[in-house]
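K.L.:
Each chain sits in its own coordinate frame; assemble them with the hints.
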Amino acid sequence: ILNVEQSPQSLHVQEGDSTNFTCSFPSSNFYALHWYRWETAKSPEALFVMTLNGDEKKKGRISATLNTKEGYSYLYIKGSQPEDSATYLCAFDILTGGGNKLTFGTGTQLKVEL
Amino acid sequence: KAGVTQTPRYLIKTRGQQVTLSCSPISGHRSVSWYQQTPGQGLQFLFEYFSETQRNKGNFPGRFSGRQFSNSRSEMNVSTLELGDSALYLCASSLRLRETQYFGPGTRLLVL
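As they're listed, the protein sequences go chains A and B. Numbering of the first sequence is given in our numbering, commencing with residue 1 and proceeding in unit increments. Numbering of the second sequence is given in our numbering, commencing with residue 1 and proceeding in unit increments.
These are calculated hints, taken from the structure and not from any lab test. A portion of the hints provided could be inaccurate.
Quick look at which bits of chain A chain B covers, simulated, 3 or more residues with Cβ under 8 Å [stated by the list, open to error]:
hint, stretch
1, 25 to 35
2, 44 to 56
3, 101 to 108
Using 20 Å as the maximum straight-line C-alpha spacing, the simulated SDA-like pairs for lysine to any residue come out as follows [unchecked claim]:
hint, chain 1, residue 1, chain 2, residue 2
4, A, K42, B, G40
5, A, K111, B, K57
6, A, K111, A, Y31
7, A, K42, B, R108
8, B, K57, A, L95
9, A, K58, A, T40
Each residue gets a CB set at the ideal place from its N, CA and C atoms; glycine is no exception.
Only chain B is shown next, with the shape it has when bound in the complex (with noise of 0.2 Å):
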C-alpha cells in the first residue's frame, strides 16, 4: 500500500501571499490531521478532518484552514502568511479516529 503523500515537498512564498498544501492518506483511511513544526517546538496540532468533517482544531488563528475531500484527501491553506508561518507541516492519517497515525514525508514551507 503507497504511503501517505504529501504535495509539494518543498515551497517558497513571500509575506502576505496564500499558500494551499495538499495531502493524499493511505488507501481507505477516512482521518486526516495536521501538525505543524518549528524549530524549537514539537509537533503542534492544527486540525483533524473525518468524513469530510473537521473533528477537532488546535490553537492557531484563522488564517489556518482546512478542508476534506470526499476520497480522504486533503487541503490545508494558509492565508496572508507571515514569517512565523515558515514551518514543516505535515500530515497524518488513520482509519478510524483515536487510532495509530502515519505520518507523510512532509512539506516545508519557507516565507520570505
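The shape of chain A in the complex, shown without the other chains (with noise of 0.2 Å):
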C-alpha cells in the first residue's frame, strides 16, 4: 500500500496571506505527481502534472516544486484570495504498471477569510 500523506489537514488564512502545503510520497518508482484542486459541490480540476525531480510549475498565484530523490512536493499560493478556498490534493503515479493508477493523499484543506 502506497503512502501519500499532505500536511497540513486544515488551514486557515486571511485575504492577502501567502501558504503553502506539503505533499510526502514514496521516492521510489516514482512516475508523476499531480496537483488538484477540489471546490464544494464542483468537480477535481487538474492543477498541475509534475514528472521531471526539480521541477517547477506556475499558475496564475499558485505554484508546486518537486524533489522525487527525497519524496516531496509543494504546493504555493501567494496573495491568498476568497476563491482560493478548497480542498488541494496530490496524487501519486507509480512508475510500474502501465495505466492511471493514482494514490490520493488525503487533501489539506484551505479556508481564506476576508
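P.N.:
Here it is, written out as C-alpha cells:
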C-alpha cells in the first residue's frame, strides 16, 4: 500500500496571506505527481502534473515544486483570495504498470477569510 | 467541449440491492478511471479502462465491477450493496493513459 501524506490537514488564512502545503510520497518508482483543487460542490480540477525532479510549475498565483529524491512536493499560493478556498489534493503515479493508477492523499482544506 | 458527465447524480438504495452508475468521458478521451470517496478517506482508486479493456484495478472486492463500451462510455456496477458502499463515486477521463485526468461531478450513493 502506497503512502501519500499531505499536511497540514486544514488551514485558515486571511485574504492576502501567502501559504504553502506539503505532499509526501514514496521516493522510489516515481512516475508523476499530480495536484488537484477541489471546491465544494464541484469536480476536482487539475492544477499541475509534475514529472521531473526539481520541476517547478506555475499557474497564476499558484506554484508547485517537486523533489523526487526525497519524496515531497510543495504547493504555494501567493496572496490568497477567498476563491482559493478549496481542498488541495496531490496524487502519486507509480512507475510500474501502464495505466493511471493514482494514489491520492487525503488533502489540505484551505479556508481564506476576508 | 462538454465535460465528463455522470448519471445519476444521486441514488438511494437498500442493502443487498445492486446499482449501476454511468460515466460519459470528454469526447475523444479513451481512458476512464473510477474512484470512491468516503468520509475521512481520500479518493480510492477502483479501476481504469482504456479501449474497452480494464488496465488497472484497485483493492476492492469483486462486488465492484465495470466495463467500457466502444464509444468510451463506462459503467460501474456494485452488487449486493453494503452500508459501507455509501460514498461519492467519481469518474475521470483522459485522452491517453497516464495523462491529466478530468473529473465528472460524481454520483452520490446512499445505501440504507
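K.L.:
Each hint: holds or not?
P.N.:
Outcome of the hint check:
1. 25 to 35: Our answer is that it holds, as 3 residues pass the Cβ test (under 8 Å) against chain B, meeting three.
2. 44 to 56: With 4 residues close enough to chain B, the hint holds.
3. 101 to 108: Held - the stretch 101 to 108 of chain A has 7 residues with a Cβ nearer than 8 Å to chain B, which meets the minimum of three.
4. K42(A) - G40(B): Distance ~18 Å between K42(A) and G40(B) Cα, so the pair holds.
5. K111(A) - K57(B): The hint is violated at about 34 Å.
6. K111(A) - Y31(A): violated, 31 Å
7. K42(A) - R108(B): Holds, because 13 Å separates the two Cα atoms, which is no more than 20 Å.
8. K57(B) - L95(A): holds, 16 Å
9. K58(A) - T40(A): violated, 23 Å
Going down the numbered hints, you'll see the structure goes against 5, 6 and 9, while the others check out.
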